[in-house]
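Undergrad: Chain residues, written in single-letter form:
There are 2 protein chains.
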Amino acid sequence: MLKDFAKAAKPEKEEVKARIKSAQAQLAAYQMQIKEAKLPVMVIFEGWEAAGKGGVISRVIKDMDPRFFSVASMDAPPTDVDRRMPFLYRYMVEIPEAGKFKFFDTFWMEAVTNGLFSGELSPQKYEKRIDDINTTERQLVDNGYCVMKFFFHISKKEQKERMDALRANKDTKWRVRKEDLWENEHYDQCLDVYDRYLKDTNRSSAPWYIIDAKDRNWAALQVLEFLNKGIETALKNRGVAAPILQNVFPLRKTPLLSEISFEGKTLTDEEYKAQLKELQAKLHELHNVIYHKKIPVIIAYEGWDAAGKGGNIKRIADALDPRGYIVHPIASPEPHEKARHFLWRFWTRLPKTGHVAIFDRTWYGRVMVERLEGFCSENDWQRAYNEMNEFEKELADEGAVVIKFWVHIDSDTQLARFTDRQNTPEKQWKITDEDWRNREKWDLYEEAINEMLQKTNTTFAPWHVLESVDKKYARIKALKIVIEAIEKACGK
Amino acid sequence: MLKDFAKAAKPEKEEVKARIKSAQAQLAAYQMQIKEAKLPVMVIFEGWEAAGKGGVISRVIKDMDPRFFSVASMDAPPTDVDRRMPFLYRYMVEIPEAGKFKFFDTFWMEAVTNGLFSGELSPQKYEKRIDDINTTERQLVDNGYCVMKFFFHISKKEQKERMDALRANKDTKWRVRKEDLWENEHYDQCLDVYDRYLKDTNRSSAPWYIIDAKDRNWAALQVLEFLNKGIETALKNRGVAAPILQNVFPLRKTPLLSEISFEGKTLTDEEYKAQLKELQAKLHELHNVIYHKKIPVIIAYEGWDAAGKGGNIKRIADALDPRGYIVHPIASPEPHEKARHFLWRFWTRLPKTGHVAIFDRTWYGRVMVERLEGFCSENDWQRAYNEMNEFEKELADEGAVVIKFWVHIDSDTQLARFTDRQNTPEKQWKITDEDWRNREKWDLYEEAINEMLQKTNTTFAPWHVLESVDKKYARIKALKIVIEAIEKACGK
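If you're matching them up, the sequences are chains V and G in order.
Residue numbering for the first sequence follows the numbering used here, starting at 1 and increasing by one per position.
Residue numbering for the second sequence follows the numbering used here, starting at 493 and increasing by one per position.
In case anyone wonders, no lab produced these hints; they're calculated from the structure.
One or more of the hints may lead you astray.
Derived coverage of chain G by chain V (criterion: at least 3 residues anywhere in the stretch with Cβ under 8 Å from a Cβ of chain V; other residues may be distant) [as the list claims (entries may be wrong)]:
| hint | segment |
| --- | --- |
| 1 | 552-562 |
| 2 | 567-573 |
| 3 | 801-809 |
| 4 | 814-822 |
Using N, Cα and C, we set each Cβ at its ideal position, and we do this for glycine too.
With the sequences and hints as input, model every part of the structure.
TA: Given below as structure tokens:
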């Protein structure tokens, strides 16, 4: 792409200036429109060092209101925390909220190409990164993001001249880093790598725009005009349904909820106590091992109201060192969460390596409560199965143990527990009108849950049904599953 | 304190066990009460290495519901980001929300005492840290936090035995770090330092409890019983007014709003354009200097509706490299923000060293809109002047440039601008019913603003009134003030 890049003819200086002015005004006018349309706009700048990204960003935002945009500089090396998280983490936490612009001074491209230069990224790992990036850019666009990507292109000679000029001035000398000089010296090698990356990540949902960056005003104009065009298209396409992709992940066979029997799935108090003690001791030991081996563990709980999620979580948590786990109770999203990709609030809650995150309700709310209550569009929740599989695949590929529990009871058991809660003063806080309303929709939920289990029961992030009419049975089963999964990850 | 510590008599083993059980049940019962009372509870564990903090935390949370508490391990070294922030930052971002427990495995004590051991902390700096910590603990308590601090005490001999035991086992050997061994070898020196720290930070709002930690069960019982007692007291004292402290900060003389004249405070278009260009170029250059010198800059904007805050901010922002500043528009707090100390959402938005953060409305909402609309208690806003001065003092002491602008117009000018907005289709989004309602309270606001300016116009974080009937004049004045403050900080 970069090698074949044919420069467009540069207009006269005065024309460039005039068109910049009008494009800036147009962009400023779009601010209110994207606010009203709740469109989040990501503008990604990549390119050669000293190609003038910073100066162009300044020109692009010239007429914009600072309340509607922000700029994130991502070209610093990853922080200690970033390094203990999946590759995508440091980028995903930065995505803008609906109705705002965010300009990125380098994004995931730089991390990947630097990885190739340093040899840290093997060819297989490179392929994986490309997949991650394409997947995520597609997900963002499908979820309503406008993603514009610009690559700033200058020649080897031009780059050298600019760096020489910076180095000649004592006030700007420090801005030229060793890596920048290296890039110029290895320009042709870098060109190959950049060219390949651009090709590999050039998709119609988030295509690349190569910017001829020799002249700074002309570069700004190209960016502004492409950007305005992109926003115009995104505004027109607001609310358009995205394709529902076919499943490509290995699925396990899953029974329907109606096929699950509770028969014989009970334990006596003695059996329970003895097994609980033994299993908790084992899990406690394993927690040390995953801490030491830096394996992150994600345990996701879903289940019927009053199925016993809380008590079940408690038995897992009790076995863990409290400094190495966290329980995230998931309620309805707050405004800043609702304004972003629905997985954002889970990206921001991922465990560091060696830590355990337990989710008390999860991202699967998308295909249960959000689906049934109409909190998202049909297209949104239908797409979500694949999006959640992709999310979990990323976590698993980065070395996380991902375990999903459906805590299951039958309708009669729920009624008995609701009634008990209602009639027991200390338990009344556990039961709300909403619980009773949800109960009326049992059949609709059952249908949604069956579909969810069928479509997201992947080999790398499997669902486990915990039969919880006898809570003791469900707790022991959960402990065994967690232990087995961790042992497997530790190579035991 | 630590040296004079007289151990209480340890009860019989069986009694300890029985009392632990009942204290655990009591703590569990408090969970719902603190949730209902919206009490945030911080439990801080400090102490000798290998004193058994982790094991006691496990026992303390034994009967607790994981949805009501979390544990933060703070004994890792500060991250790259932490190191570019004020000392208190990494702690303040971790404070719990109302109605929840948070257990801290070490907190700011460890950072301070380690600093003394390593020699990084000079005696003057030590005094400053102690002041910061006492101030902040008091602020937290005044703002409704229950803060419980435990120091785990064991003898040199006991510590050595425990470490030897850990090192003798190949599975636990890695848990004893070099620093831990150092502590044991220098036990007496450490004792002096810990003793002094405990004395220096032992205030009645957040007193220390020294825990005899030789026996693990007995240690857990002491913690549980002190904790329950502390919560009982905090629940009783819910809503009690805290003392309004006398101002101890150097204040600058401040005119009343009514004394501010707009006469002659105008610029012609030509004057404006010429000065704007020159000043923005100068500020642009200075931005490089502060980036290079790692000086953080905080610019806080308050002002009447329609006074021209947005356009003023824009003229500052335009002069800056977009990768080095951020504008934070401050609206009413979201639920997770409202559930914490009112300054929390500003702590989390502080600029890194070398960066500029511009706040479009600020923490001063506490003594304006929150005061007038009754969103906080009278005691809350009356205390807030001092709390905000303390906050800004901390920022300034850590090297930040703090500039506060009051963008000022008279009532007639506001009316004219409101009317213009109402009548101009492209400007209508800028005017809401709330603006008109606020306008009716002009006199009450004026009173509140006068009080705010008088009480928080400190030498280290001064207020500057920007006369903005002529917006051009106000913009030029703002630029000059920012430039002057930065030049001073850079030693120019």
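Undergrad: All hints, please: hold or fail.
TA: Evaluation of the provided hints:
1. Counting residues of the segment 552-562 of chain G whose CB falls under 8 Å from any CB of chain V gives 6; the rule of at least 3 is met.
2. Counting residues of the segment 567-573 of chain G whose CB lies closer than 8 Å to any CB of chain V gives 3, so the stated coverage by that chain holds, three being the minimum.
3. Residues of the segment 801-809 of chain G lying with their CB closer than 8 Å to a CB of chain V number 4, which satisfies the three-residue condition for coverage.
4. Using a Cβ-Cβ cut-off of 8 Å, 7 residues of the segment 814-822 of chain G lie near chain V, which meets the minimum of three, so the contact claim holds.
In this structure, none of the earlier numbered hints is contradicted; all agree with it.
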